[in-house]
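These protein sequence lines are chains A and B, in that order.
The first sequence begins at 68 in the working numbering and counts up one residue at a time.
The second sequence begins at 68 in the working numbering and counts up one residue at a time.
The set of hints was computed from the structure by calculation and includes no laboratory data.
One or more hints might be untrue.
Which copy? The list can't say, so a pair holds if one copy fits it or any two copies do.
[What the hints assert, rightly or not] Simulated pairs of lysine-lysine, BS3-like, Cα-Cα distance not exceeding 30 Å:
1. Lys359 to Lys122
2. Lys345 to Lys144
3. Lys160 to Lys269
4. Lys129 to Lys328
5. Lys396 to Lys122
6. Lys144 to Lys328
7. Lys356 to Lys345
8. Lys328 to Lys345
9. Lys269 to Lys230
10. Lys396 to Lys129
11. Lys409 to Lys151
12. Lys269 to Lys122
13. Lys144 to Lys409
14. Lys151 to Lys269
15. Lys269 to Lys198
16. Lys144 to Lys269
17. Lys359 to Lys151
18. Lys422 to Lys269
19. Lys396 to Lys198
20. Lys172 to Lys230
21. Lys422 to Lys151
22. Lys122 to Lys356
23. Lys345 to Lys409
24. Lys359 to Lys328
Computed from a prediction, not measured in an experiment: that's the story for all the values here.
Number of protein chains: 2
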Amino acid sequence: MTTDEDRTNFPAGAVVVSIDAMGGDSGVEAIIGGIELSANINPDIRFIVHGDSIKINALLQKSPALIDMVDVRHADKVVEMDAKPAQAVRGGKGSSMWNTLQSVKDGEATVAVSCGNTGALMMMAVLRLRKLPGVNRPAIAVLWPSRNPSGHNVMLDMGADIKADAADLLQYAIMGASYARNGLGLERPRVGLLNIGTEDNKGRPELQEAAEMIEASQNASGLEYIGFVEGSDLPADRVDIIVTDGFTGNVALKASEGTAKLVGDFLREAFTHSTMAKMAAVIASGPLKRLKNRIDPRHSNGGVFLGLNGTVIKSHGSADAVGVSAAIKLAFTLAQNGFSEKLAARVASANAASKNTTSESNEA
Amino acid sequence: MTTDEDRTNFPAGAVVVSIDAMGGDSGVEAIIGGIELSANINPDIRFIVHGDSIKINALLQKSPALIDMVDVRHADKVVEMDAKPAQAVRGGKGSSMWNTLQSVKDGEATVAVSCGNTGALMMMAVLRLRKLPGVNRPAIAVLWPSRNPSGHNVMLDMGADIKADAADLLQYAIMGASYARNGLGLERPRVGLLNIGTEDNKGRPELQEAAEMIEASQNASGLEYIGFVEGSDLPADRVDIIVTDGFTGNVALKASEGTAKLVGDFLREAFTHSTMAKMAAVIASGPLKRLKNRIDPRHSNGGVFLGLNGTVIKSHGSADAVGVSAAIKLAFTLAQNGFSEKLAARVASANAASKNTTSESNEA
Chain A
68 MTTDEDRTNF PAGAVVVSID AMGGDSGVEA IIGGIELSAN INPDIRFIVH
118 GDSIKINALL QKSPALIDMV DVRHADKVVE MDAKPAQAVR GGKGSSMWNT
168 LQSVKDGEAT VAVSCGNTGA LMMMAVLRLR KLPGVNRPAI AVLWPSRNPS
218 GHNVMLDMGA DIKADAADLL QYAIMGASYA RNGLGLERPR VGLLNIGTED
268 NKGRPELQEA AEMIEASQNA SGLEYIGFVE GSDLPADRVD IIVTDGFTGN
318 VALKASEGTA KLVGDFLREA FTHSTMAKMA AVIASGPLKR LKNRIDPRHS
368 NGGVFLGLNG TVIKSHGSAD AVGVSAAIKL AFTLAQNGFS EKLAARVASA
418 NAASKNTTSE SNEA
Chain B
68 MTTDEDRTNF PAGAVVVSID AMGGDSGVEA IIGGIELSAN INPDIRFIVH
118 GDSIKINALL QKSPALIDMV DVRHADKVVE MDAKPAQAVR GGKGSSMWNT
168 LQSVKDGEAT VAVSCGNTGA LMMMAVLRLR KLPGVNRPAI AVLWPSRNPS
218 GHNVMLDMGA DIKADAADLL QYAIMGASYA RNGLGLERPR VGLLNIGTED
268 NKGRPELQEA AEMIEASQNA SGLEYIGFVE GSDLPADRVD IIVTDGFTGN
318 VALKASEGTA KLVGDFLREA FTHSTMAKMA AVIASGPLKR LKNRIDPRHS
368 NGGVFLGLNG TVIKSHGSAD AVGVSAAIKL AFTLAQNGFS EKLAARVASA
418 NAASKNTTSE SNEA
């Protein structure tokens, strides 16, 4: 809890984002740069910024337009990128990360954004905001470039937990669908379960069970279950949401990122390999820039923690101002659409439905 | 067993590859085209080709140079690409796939190559060739483009089995190292275990246990254990062999392939998007071709089945002549290096070592 008294000069109706200025690889500059980019585009947004107030204020002085849009809250402590989550949480009270979450808990802000240590942020978020009633394992959902009209698919869990049983996978499907409705504007998102083949009898037993549960819940959950999908469907347009356990999801995400980076590096090497190639690069700069924009990971920056009382967005640790601004845009969109409440309502109604089914089958 | 009598006119010392001409998406043409490409480069190679002898002979007549290098064996039956493995095996006797494996079993050929149904090929290979003594789960190893000097990393298991316990993962490490020594010429390959973080305490319990087992065996197995690696290390130069269970491996491989294809498609779209872009593509054709060559999946075609009495190579179902030729080159390299025998010896000595350890600890 902070003791500042001058916190509430934001106009009623403004969307307030609580943001952790510390802990990212690119320092406070990237955060304030991201805030500036977002504020220029979106005058309805306000920020509570937590961290080293001397550094933050020094940067803000260069952008007078931000003064009324930003409330700076000093925090002495920073959670280090390489800290073990449990340690970070034990000594974390009063850190910029802790206070960023506290602003959401206290209702001052609708959504929290941090570039810091993922494991620490998740553990602290569970501790401060608590899991939604009936949620066993919260999940991290990310956007992945795809051939879909929105340009993205949603994948979860990307590593909040290393395990997921069938009931968890069903909850991921429901939460992912709610996210896609509110974050990507998809009315009835198509959900696929990640497996190593698309035949019904493929894969691990919990996947068979989850497939039946998701299929049975599709109308109540406002999603369309399309069956098993494979790794090759990550960037495909046959699915909007790809559901998997956090171990598989984390590996698939990092492998795909690594591959995209390898291809990008090879492309750069091909165009710098000789004088002729360098000249070709100048002439081809238009198409090359177009490609770069399309696969720029900064535009899909922001992992959303699902299953908590409140929305938390994990920005990539190495995000620059453009990346931070993308995470803020996502935060704004979700906050404006009342995502936290809608997600809580979805999870509650799914729980109620499953209890009804249980008691009905007990009666039968 | 075939009844042909005229099979042994191959010179002593020739490396004989048994190849399934049927079952691939690109038909017999791709197989004979691949044989021709390989035979042109490598006069020491000989082929036993199984399948529709009318089609095969018609194609061979156009390439008289091949006549002495190829022995055609007619097979009436073909295992379909979408057949369920168990069904394919039950009705598979006398199919081109079955006979391709039989030639290795009978000692006529050193290595088998097929573009057909992966699941059926693996099940049939286990049935015909049998697992090496002490191998619990055979694995499929693939080459993946990387920043390593050889241009590739080895990954396994890519989906022979959906599960792997710690002892299986140790065996994958030993078999993968033997493959890298004989296939890529690496004397002491670096092995990493795929996980969702590189800290020692990360991930599932079987990974902790496997890490200890691989570390303890590294000298006996002629490998260097470098610890946990992440999805982002798939194309990295800090590791030569990436060990994981078949579920995770299959997802990671297909996700990475899908991503590389997406980036390739975006690149093509960027260079065809306008008249200016099309002109730029002509001028940039050198660098673009260089890139295409480097990420061309045909050059790393060929999944090797490890843990059987004999070497089997699964070519991609959609491989064209260039892809088939790459799989044949891999088959030749492994056969020439006596890979089957060396792998069997490695596995046997690892089993003996583990039995010694067990009996020692029983005595202690």
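Against the structure, the hints come out as follows:
1. In this assembly of identical chains, Lys359 and Lys122 lie within 30 Å of each other by CA distance neither inside one copy nor across copies; the values are 32 Å within and 47 Å between.
2. Taking identical chains as interchangeable, the C-alpha atoms of Lys345 and Lys144 are never at most 30 Å apart, the minima being 47 Å within one chain and 54 Å between chains.
3. Proximity of Lys160 and Lys269 under a CA criterion of 30 Å is satisfied inter-copy only: 25 Å between copies versus 46 Å inside one chain copy.
4. When the C-alpha separation of Lys129 and Lys328 is checked against a cutoff of 30 Å, the pair qualifies neither within a copy, at 35 Å, nor between copies, at 44 Å.
5. Proximity of Lys396 and Lys122 under a CA criterion of 30 Å is satisfied intra-copy only: 24 Å inside one chain copy versus 61 Å between copies.
6. Proximity of Lys144 to Lys328 under the C-alpha cut-off of 30 Å is found in neither arrangement, the shortest distances being 34 Å within a copy and 44 Å between copies.
7. Taking the shortest alpha-carbon separations for Lys356 and Lys345, both the intra-copy value of 15 Å and the inter-copy value of 14 Å come in at or below 30 Å.
8. Taking the closest pair of Cα atoms, Lys328 and Lys345 come within 30 Å of each other both inside a single copy (20 Å) and across two copies (25 Å).
9. When the C-alpha separation of Lys269 and Lys230 is checked against a cutoff of 30 Å, the pair qualifies both within a copy, at 19 Å, and between copies, at 13 Å.
10. For the identical chains of this complex, Lys396 and Lys129 are intra-copy neighbours only, at 22 Å inside a copy versus 63 Å across copies, given an alpha-carbon limit of 30 Å.
11. Proximity of Lys409 and Lys151 under a CA criterion of 30 Å is satisfied in neither setting, with 33 Å inside one chain copy and 43 Å between copies.
12. Proximity of Lys269 and Lys122 under a CA criterion of 30 Å is satisfied in neither setting, with 55 Å inside one chain copy and 35 Å between copies.
13. For the homomeric pair Lys144 and Lys409, neither the shortest alpha-carbon distance inside one copy (34 Å) nor that between copies (57 Å) is at most 30 Å.
14. When the C-alpha separation of Lys151 and Lys269 is checked against a cutoff of 30 Å, the pair qualifies only between copies, where the shortest distance is 11 Å, while the shortest distance within a copy is 37 Å.
15. Taking identical chains as interchangeable, the C-alpha atoms of Lys269 and Lys198 lie at most 30 Å apart only when they sit on different chains, with a minimum of 23 Å there against 32 Å within one chain.
16. With identical chains, the CA atoms of Lys144 and Lys269 are at most 30 Å apart between copies only, with a shortest distance of 26 Å across copies and 49 Å within one.
17. Taking CA atoms no more than 30 Å apart as the test, Lys359 paired with Lys151 passes in neither setting, with 35 Å inside one copy and 42 Å between copies.
18. Proximity of Lys422 to Lys269 under the C-alpha cut-off of 30 Å is restricted to the intra-copy arrangement: shortest distance 29 Å within a copy versus 35 Å between copies.
19. For a Cα distance limit of 30 Å, the shortest separation of Lys396 from Lys198 inside one copy, 24 Å, qualifies, whereas the shortest one across copies, 55 Å, does not.
20. For a Cα distance limit of 30 Å, the shortest separation of Lys172 from Lys230 inside one copy, 27 Å, qualifies, whereas the shortest one across copies, 41 Å, does not.
21. For a Cα distance limit of 30 Å, the shortest separation of Lys422 from Lys151 qualifies neither inside one copy, at 38 Å, nor across copies, at 38 Å.
22. In this assembly of identical chains, Lys122 and Lys356 lie within 30 Å of each other by CA distance neither inside one copy nor across copies; the values are 34 Å within and 49 Å between.
23. For a Cα distance limit of 30 Å, the shortest separation of Lys345 from Lys409 qualifies neither inside one copy, at 52 Å, nor across copies, at 47 Å.
24. Proximity of Lys359 to Lys328 under the C-alpha cut-off of 30 Å is found in both arrangements, the shortest distances being 11 Å within a copy and 15 Å between copies.
Hint check: violations occur at hints 1, 2, 4, 6, 11, 12, 13, 17, 21, 22 and 23; the rest are consistent with the structure.
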